[in-house]
Amino acid sequence: MEQAYATVHQIQQIAKATYQMDLLLPSTLVKQIKPGQFVHVRVSSGTEHMLRRPISVADVQPAHNLLTIIFKVFGEGTAQLAAYKPTDQLDLLIPSGNGYPIEQLELSHALLVGGGIGVPPLHYLAKQLVAKGVNVTAVLGFQTADDIFYQQAFEQLGTTYIVTNDGSYGAKGFVTDVLNQEDITCDYYFSCGPTPMLKAIQHQLADKPGYISLEERMGCGIGACYACVIPNKDQSSHFKICQDGPVFSASEVVL
Amino acid sequence: MEQAYATVHQIQQIAKATYQMDLLLPSTLVKQIKPGQFVHVRVSSGTEHMLRRPISVADVQPAHNLLTIIFKVFGEGTAQLAAYKPTDQLDLLIPSGNGYPIEQLELSHALLVGGGIGVPPLHYLAKQLVAKGVNVTAVLGFQTADDIFYQQAFEQLGTTYIVTNDGSYGAKGFVTDVLNQEDITCDYYFSCGPTPMLKAIQHQLADKPGYISLEERMGCGIGACYACVIPNKDQSSHFKICQDGPVFSASEVVL
Amino acid sequence: MSLAVQLPGLSLKNPIMPASGCFSFGKEYSQFYDLSKLGAIMIKAATEHKRLGNATPRVAETKSGMLNAIGLQNPGVDAIINQEIPFLTQFDLPIIANVAGSTIEEYENVTTALAGSDDIAAIELNISCPNVKEGGVQFGTQPALAAEVTRRVKAVSNVPVYVKLSPNVTDIVEIAQAVEQAGADGLSMINTLTGMKIDLKRQQPLLANQVGGLSGPAIKPIAIRMIYQVYQAVSIPIIGMGGVTSVDDVIEFLLAGASAVAVGTANFQNPFICSELIDQLADRLAHYGFDSVEQAIGKGH
Amino acid sequence: MSLAVQLPGLSLKNPIMPASGCFSFGKEYSQFYDLSKLGAIMIKAATEHKRLGNATPRVAETKSGMLNAIGLQNPGVDAIINQEIPFLTQFDLPIIANVAGSTIEEYENVTTALAGSDDIAAIELNISCPNVKEGGVQFGTQPALAAEVTRRVKAVSNVPVYVKLSPNVTDIVEIAQAVEQAGADGLSMINTLTGMKIDLKRQQPLLANQVGGLSGPAIKPIAIRMIYQVYQAVSIPIIGMGGVTSVDDVIEFLLAGASAVAVGTANFQNPFICSELIDQLADRLAHYGFDSVEQAIGKGH
Ligand SMILES: Cc1cc2nc3c(=O)[nH]c(=O)nc-3n(C[C@H](O)[C@H](O)[C@H](O)COP(=O)(O)OP(=O)(O)OC[C@H]3O[C@@H](n4cnc5c(N)ncnc54)[C@H](O)[C@@H]3O)c2cc1C
Ligand SMILES: Cc1cc2nc3c(=O)[nH]c(=O)nc-3n(C[C@H](O)[C@H](O)[C@H](O)COP(=O)(O)OP(=O)(O)OC[C@H]3O[C@@H](n4cnc5c(N)ncnc54)[C@H](O)[C@@H]3O)c2cc1C
Ligand SMILES: Cc1cc2nc3c(=O)[nH]c(=O)nc-3n(C[C@H](O)[C@H](O)[C@H](O)COP(=O)(O)O)c2cc1C
Ligand SMILES: Cc1cc2nc3c(=O)[nH]c(=O)nc-3n(C[C@H](O)[C@H](O)[C@H](O)COP(=O)(O)O)c2cc1C
Ligand code: FES
Ligand code: FES
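Top to bottom, those sequences are chains D, V, H and Y.
Count the first sequence with my numbering and you get residues 1 to 255, in order.
Count the second sequence with my numbering and you get residues 256 to 510, in order.
Count the third sequence with my numbering and you get residues 511 to 811, in order.
Count the fourth sequence with my numbering and you get residues 812 to 1112, in order.
In isolation and in its complexed conformation, chain D is listed as follows (with noise of 0.2 Å):
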């Protein structure tokens, strides 16, 4: 992990406060990126915020030396990057946490789980398993209609439901829904969204293997301050989401 400098490339609203940054760094550093990682970004300079923000990598360009980051305006932090311009710099510690252990898996089918602001991570991992010449499904639940993106990204990676609580688009319900009704194959199962998602996602797919990203507050986002755990599964021992996360295997941790 290093601590770098990012340019602003590009900031454009892609849904309902929802925010796609394009961020110039060198493509040695952008090389690296592993689907399921994350940027601990701060938000601005000076004191008012002492806490960086986590954001995951949505996708990577290394020949462009481009690396891209999507999120939605929650909160200060959130809203201050929002106000982020194109050549504006930004303090990124990068690589952040271990990603989705793709490289180490066999498999030919995966199904991609994500709920709001849980896809962006879904979108990077689905171009790198696509890239290895595995089949992609994708299930991506979304508040609303104004809500989603990044429909048609999935859409050109592999067969893509999109579901929306309150059926203002595609399926109306929760993702947990459309894995009811679909017959879905897969390998493995990787997911990221809110943990209400994750929990109903592991009990539901508890026979399949997989693995889910995972969500805390973070303070140093490197392992040093003990802010983000979660515990193991006999409960003995607490794992650092930071560090030893953010992506797990479903069964080795207790939501």
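One or more of the hints may lead you astray.
Stated by the list, open to error - Taking lysine-lysine and the DSSO-like style, the derived pairs with C-alpha atoms no more than 30 Å apart in a straight line are:
no. : chain 1 : residue 1 : chain 2 : residue 2
1   : V       : 340       : D       : 85
2   : Y       : 838       : H       : 711
3   : V       : 387       : V       : 454
4   : H       : 537       : V       : 488
5   : D       : 72        : Y       : 1012
6   : D       : 199       : Y       : 1012
7   : Y       : 838       : Y       : 848
8   : H       : 809       : D       : 199
9   : H       : 809       : D       : 72
10  : Y       : 824       : H       : 711
11  : D       : 172       : D       : 72
12  : Y       : 1110      : H       : 711
13  : Y       : 1110      : Y       : 848
14  : Y       : 1012      : D       : 16
15  : Y       : 1012      : H       : 809
As the list claims (entries may be wrong) - Covered by chain V, per the in silico footprint, the following chain H stretches (three or more residues, Cβ under 8 Å):
no. : stretch
16  : 557 to 569
17  : 573 to 579
18  : 773 to 783
Claimed, not checked - Computed beta-carbon distance windows for the label pairs:
no. : chain 1 : residue 1 : chain 2 : residue 2 : range
19  : D       : 103       : Y       : 900       : 30 to 38 Å
20  : Y       : 1102      : H       : 691       : 22 to 30 Å
21  : Y       : 1014      : D       : 204       : 25 to 33 Å
22  : Y       : 889       : D       : 234       : 15 to 23 Å
23  : D       : 87        : H       : 521       : 52 to 60 Å
Honestly, the hints are just simulated from the structure, not real lab data.
Here the structure is a predicted model, which means the values were calculated and not measured.
Virtual Cβ for every residue (Gly too), placed ideally from N, Cα, C.
Knowing the structure of chain D, use the given hints to seat chains V, H and Y with the ligands on it.
Positioned in the frame of chain D, the structure of chains V, H and Y with the ligands alone reads:
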């Protein structure tokens, strides 16, 4: 007084760590400003800086909707100000305090004595005095040659003496040395600068009527918090510099 | 959406008021908006006689906060009644008078003088001013003394008494309970935390008084914690303050247990702050699912 | 320009060290720079047995600060000695071990265990952790208890003991003097102030532990004030901390009376902060007219 957003029109460095900032404001507002008044500037949004900074008005050009301030980078707030760029918005309380009461005065020759960052308000004062047909002599002290600004602007308005503490430009020494050496006649003197300078002037020109402009750390800048006080002559009560001043008759305050 | 709050002596049209010492006696801020809009006003501390206060510098900026050591400069209670209050009576605005002193007798005398005015709705008993040499802060840090001054002031006051607590204590609950038992009608909290800034150039404390009171957003988490704890331990209402700059801050104080919220330091940054918070409050309460201010009070428990 | 400082048990090449709990056992930050550069390291609190700490969320951001309620998660003193200290011994770096506990016996036992290691230069006795249910903070708020735990730990320690004071007290000087008399070799101050943030969406305290410790620039004025007061009242050295983010902050702590300065929260914002402060210190001291760090200590008095 009102709260107004000014648009930065231009900002340029004019001497060592010294910046001139031209601000666009409605001419109705600009026209009201009297020499000696100040603007109370919010240096950044957010909460890191809870106190505004008082900065004197150095010039106004109502025809162009322009108001000019000149400031030295002293600490964090003025450093932030120096980072403003054209088209940025600046939040001001304007106009603040009372100016030099030149409308009420009968005078034909005025002596202006300024030190360092006390020079800017005297510039606008000189312009107004000259417009009234008053003869102006300016004695301006700076630390070194690098700190000097607005020499020509003053020279266009009247006889101007420049003195530097280290003698790197003009006479060496203090403004009081110039007053000792030169025989400057005047009906009134007007002075702004560091307190030790004002004290020396108050003493040296005790036989002349004069007005001095004072500085003190401010909270509200509008007279509500009692931060910025100065004792009256018999020390029986306090003036508030932000509201009763910053300009005082030299005989009414104890420095 | 009802913003009204009923408190002892105070019928507030909304829960927002400027905090004592940050709004003088209202005149200066009345340039910016109509003071009748405010829920109430907490005026600058009154002492028995005129006080000149401390030497300058009296304020210093700190990160997300400021230090002040004004030292209770005020014209004395009689001058306040005669020269300052009349201006305020033109507004539809409950006046809360802040009472300070160096001795219990001074507190009594100021309160007695205020009882001679018909225009005071409540008293804020300031036993927590850290910026005067004698009195002030001791009364706020020792439960027995706090109770004693509360009792004596209650005895001479003809309006409800809100005791303003100092956060510079090991156990705020103990003090709160002591003044409740002594008859306080309400609490006001928190006053400033004692802090210091050193001027690196002069190599001595920046404030002439050396120490000053820390206020502003920096102290909000401490204010919220103390209000939360005290709310669980007393049954008198709390006027909360400490670092409010946004409407979400106001709601956070309500949830912690404050029945009304005072705004101090933020007035210096934005003279319209109280007015803006009042404008924003109804919508924001609705956003969080509340139908009234009263519904939100204590809902964080 | 000499940056070196000599303190009981600690020969520091410079006065900058990471604060306990903000730097774990050094490994993570060693990715960013060579830890040998540091004056010392204050490692994460050790308890007798492994502790899992509090439920999450454990941290919350506040204005110019943060709240934490980690709850002393640590692998236990033996695991620290066996698995964490060996990594640190590769650096030229005095190790200050932070000792925590729920009972005086636990403090003694942890200290005894540490006395079995040759690699500990000093002990920081943490009697001020606000984030555990039993023990911790009471020891730091009652002078007699603070003195007792200091005495007992001194009796079993083979290295100097720095007692870490809690700022959540009415009278910090009283506690400082009590632990000095009980044999403390030095003081470390300040620990965090107890605060709270309420989550408006969930309408309950944001931290699972409800309250947490406030750290960061927000608390610097309180730290400076307390160090200034304690410096005048004791003759043992003080390691200062609380909100340091800049080299001017470091010098402000020295002027207030700290002999060395620890940096906590700022590491999270800028992982290079300690290294950068060390790089900047000599020039900045010279700028203010000092020839050495030692010359600046207490010069604000
Ligand atoms: C590994 C990881 C990857 C993430 N990836 C993305 C992403 O790609 N896109 C995206 O929009 N969001 C992502 N998040 C969530 C994102 O970090 C939060 O939405 C963001 O930190 C909120 O900051 P704020 O200042 O807007 O909110 P505030 O509530 O004002 O933040 C206050 C504090 O809370 C923390 N915080 C609040 N919510 C969360 C949260 N859900 N997770 C972690 N910290 C939180 C902030 O970091 C900050 O310290 C990710 C979180 C984690 C842990
Ligand atoms: C009526 C008046 C007019 C002024 N006009 C000018 C001007 O035209 N040009 C100019 O360069 N400077 C002027 N000053 C001084 C200017 O206000 C300070 O240099 C500036 O506030 C320093 O802010 P800072 O954040 O850079 O310094 P910091 O030291 O970081 O500021 C911290 C705090 O101290 C206050 N402060 C520090 N020094 C002063 C000071 N000398 N006077 C008042 N407050 C201070 C700041 O306002 C702030 O609240 C004037 C001051 C007053 C009172
Ligand atoms: C400049 C200043 C003067 C103050 N004067 C008084 C006072 O006279 N009486 C009092 O009870 N509190 C006084 N206070 C404390 C405030 O009323 C309030 O309790 C404190 O500042 C916390 O609120 P804030 O963070 O919103 O400022 C003063 C505060 C400031 C900043
Ligand atoms: C996340 C976190 C964990 C901490 N853990 C400990 C600890 O284990 N032991 C201790 O004595 N202090 C602990 N502290 C307090 C710090 O050592 C320090 O005293 C305090 O944070 C003030 O310094 P700062 O403002 O630079 O962070 C912790 C602080 C933080 C922010
Ligand atoms: S955020 Fe500090 S350990 Fe994970
Ligand atoms: S700055 Fe508040 S009275 Fe002058």
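These are the hints, each one checked on the structure:
no.	hint	verdict
1	V/340 - D/85	holds (14 Å)
2	Y/838 - H/711	violated (38 Å)
3	V/387 - V/454	holds (28 Å)
4	H/537 - V/488	holds (25 Å)
5	D/72 - Y/1012	holds (16 Å)
6	D/199 - Y/1012	holds (21 Å)
7	Y/838 - Y/848	holds (14 Å)
8	H/809 - D/199	holds (29 Å)
9	H/809 - D/72	holds (28 Å)
10	Y/824 - H/711	holds (26 Å)
11	D/172 - D/72	holds (22 Å)
12	Y/1110 - H/711	holds (11 Å)
13	Y/1110 - Y/848	holds (26 Å)
14	Y/1012 - D/16	holds (19 Å)
15	Y/1012 - H/809	holds (11 Å)
16	557 to 569	holds (count 7)
17	573 to 579	holds (count 5)
18	773 to 783	holds (count 8)
19	D/103 - Y/900: 30 to 38 Å	holds (35 Å)
20	Y/1102 - H/691: 22 to 30 Å	violated (58 Å)
21	Y/1014 - D/204: 25 to 33 Å	holds (30 Å)
22	Y/889 - D/234: 15 to 23 Å	holds (21 Å)
23	D/87 - H/521: 52 to 60 Å	holds (55 Å)
Hint check: violations occur at hints 2 and 20; the rest are consistent with the structure.
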